[in-house]
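Taken in sequence, the protein lines are chains A and B.
Residue 45 in this note's numbering sits at position 45 of the first sequence; the count goes up by one each step and never skips.
Residue 80 in this note's numbering sits at position 80 of the second sequence; the count goes up by one each step and never skips.
Since the hints were derived computationally from the structure, they do not count as laboratory data.
The structure displayed is predicted, hence computed values, not measured ones.
All residues carry an ideal CB built from backbone N, CA and C; glycine is no exception.
There may be inaccurate statements among the hints.
[As the list claims (entries may be wrong)] Just so you have them, the derived chain B footprint on chain A, three or more residues with Cβ under 8 Å:
1) 26–40
2) 65–73
3) 88–102
4) 114–126
[Said to hold, decoys possible] Sample of chain A residues facing chain B (criterion: CB under 8 Å; computed from the structure):
5) PHE54
6) TYR55
7) VAL58
8) LEU85
9) ARG106
10) ILE107
11) ALA110
12) PHE111
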Amino acid sequence: MMNEVPLAVILAENWNYLVVITLMMSGLFIVISRFNLVKKLVGLSIFQTSVFLFYISVGKVAGGTAPIITGDPDTLYSNPLPHVLILTAIVVGVATTALGLALVLRIHAAFGSIEEDEVLAMKAEDGLPRVRRILEQQGDRLGDRQGQAVVEGEAEK
Amino acid sequence: MSIYAIFNNLPALLVVVPLLLSPITALIPIGRLAWVVALFGSGVSVIVAILLCSLTASGIRITYFMGNWPPPWGIEFVVDSATSLTVMAMTTLAFLATLFADRALSAEIAAKDVGKAYSAWLLACGGLYGLVMTADAFNLFVFLEISALASVILIALGAGRDRRALIAAYNYLVIGAVGATFYVIGVGFIYAVTGSLNMADLADRIPDVEARSIVFIGFGFMVVGMLVKAAVFPVHIWLPAAYSYAPSAVSTLLAAIATKAAIYVLARIVFTIFGGVPEVTALALEWVVVPLSIAGIFVGTIMAIYERDLKKMLAFSSIAQIGYITLGIGIATSAGIAAGFIHIGNHALIKGGLFMAVGGIFLATGSRVSVMSMTGIGRKMPLTATAFLICGFSLIGLPLTAGFISKLYLVRALLDNDNLVIVGLVLASSALSVMYLWKIVEVMWVRPAPVDALEINERPALYIPLWIIAIANIWLGLDASWLVGAAEAAAASLLGAGG
Chain A
1 MMNEVPLAVI
11 LAENWNYLVV
21 ITLMMSGLFI
31 VISRFNLVKK
41 LVGLSIFQTS
51 VFLFYISVGK
61 VAGGTAPIIT
71 GDPDTLYSNP
81 LPHVLILTAI
91 VVGVATTALG
101 LALVLRIHAA
111 FGSIEEDEVL
121 AMKAEDGLPR
131 VRRILEQQGD
141 RLGDRQGQAV
151 VEGEAEK
Chain B
1 MSIYAIFNNL
11 PALLVVVPLL
21 LSPITALIPI
31 GRLAWVVALF
41 GSGVSVIVAI
51 LLCSLTASGI
61 RITYFMGNWP
71 PPWGIEFVVD
81 SATSLTVMAM
91 TTLAFLATLF
101 ADRALSAEIA
111 AKDVGKAYSA
121 WLLACGGLYG
131 LVMTADAFNL
141 FVFLEISALA
151 SVILIALGAG
161 RDRRALIAAY
171 NYLVIGAVGA
181 TFYVIGVGFI
191 YAVTGSLNMA
201 DLADRIPDVE
211 ARSIVFIGFG
221 FMVVGMLVKA
231 AVFPVHIWLP
241 AAYSYAPSAV
251 STLLAAIATK
261 AAIYVLARIV
271 FTIFGGVPEV
281 TALALEWVVV
291 PLSIAGIFVG
301 TIMAIYERDL
311 KKMLAFSSIA
321 QIGYITLGIG
331 IATSAGIAAG
341 FIHIGNHALI
351 KGGLFMAVGG
361 IFLATGSRVS
371 VMSMTGIGRK
381 MPLTATAFLI
391 CGFSLIGLPL
401 TAGFISKLYL
411 VRALLDNDNL
421 VIVGLVLASS
431 ALSVMYLWKI
441 VEVMWVRPAP
451 VDALEINERP
461 ALYIPLWIIA
471 IANIWLGLDA
481 SWLVGAAEAA
491 AASLLGAGG
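Chain A on its own, in the form it takes in the complex:
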């Protein structure tokens, strides 16, 4: 039965799922590929929104109306549960975005940039001075194991 319907028709009838897939993949791609921390959060939001659309599409009953009791026993209702679930998920999404943006603000204050590659370069430098100092001092006393431990103990401070 299903095999007799052309693929194009199936896709056209379920176009909302195509939208879901497109949004989901573009959102995830943005999260992975962008260096800008705010754009990453935008991607994350798109990714999450696609899931909201997915749930709403699943909950829709063909020909059904909004699930508000009309008094008419013949009324066909859409499934209200996915809507409620997604209401919760939207709240979670808002909280995630808000916390993410707050962190980006703090990162900007601490590093002066919101580009991930620049921030990571600075992050790597944070660990460097210590190593460089140890290497310089080791050059003076190479081979003296006891002295080396003393120097490294000093370099830590």
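Since the structure of chain A is already known, use the hints to place chain B on it.
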């Protein structure tokens, strides 16, 4: 209201108490007072967990209907022997971490933030307890995000000392949110074909679903989401930075309880929700979970050998230890799952103790603890260093420590299955873990302290919880009958629930 009312509401109390105390602590301006409230909250949790444990030990499976709505419509909390063992380990370690946090948190973050820090602390604990107890697939996602967002806040608090904590927190937020969203996609697929969200109800309905491919897709998304949260290799990348740049007390709390909850949920998904369709789960366990666990064990151990920063080293070793737990659960025999649960409890003890000891050394010396900065610490801080040593031995799995029991049962479970190659790999990785721990033992005890080293006073407040953990490590190594019995009951109830 009577004593029965409290007993009937035990599962809800475990979540409600921390969540209600959380906004209260946020309003308390005095850090010490906020700590007392947090300690009260985690103390109550321990008592509730002990009561739950004693109830389930007699074979009772506790179910609780939130708001008296019966499942499958309402949200149900289920506490069986697997749940109570996990909750027991988590609440105890959270309580000890809170004891430790008194001095540790106030030393590392600004005084005005301490109250808010305990607020996030309680939120993270309450969220993780709820995550373990809920029997509703979507409610699980909500608890997952409550605990994840609270953990992000706690990690970011490390920024006062080291700005790299901000990046670690941001990465954890983004990766964690992607993982949680994967889980929700999976739940959506399963809901679409079954029309239910209650775990027991799902377990009944999934075997009758004809569209097996959709079940498989849903299962895949849910498992991947949980693997991210549990920091199983190769989706572990958020963990080392998050644990090492967070304040010491936060590292202790998260290392001890956060990933354990996710691993427990993973076991629930595989054995309870999808317990009726073993042909779906067996494939994933055999070809994904077991190989990734073994890879994680080696990658974590080798990264730890080359790491000089102590907190990062411990975080990498966590990835290896998580591998042991998921390996036990991945072989899916009752002995294997029992071994996994034994190690959930033991690893919480071991890693909690190690992070606490490093936190203590950090507070005493005032600088990031690297291998070299521990030179001579064994003589200067003998109590802390000895406790570190005991937990370290337990991590390697030397006899007479808790870690040995974990390895023993894991190897035994693998031998039952004739997985000789994996047995060899597990033993080899244990030998490798000696390498990074011996390095620390050598600098701590063998080398003399630097001539101009600071005078160090050990603080009782720090080593009391630490020594409780160290003694527990030895005690569980000598007499593991309670833990082993509880873990075997847990495995039986997990495998039995799915049929």
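Quiz item: Broken hints, numbered, in rising order?
Solution: 2
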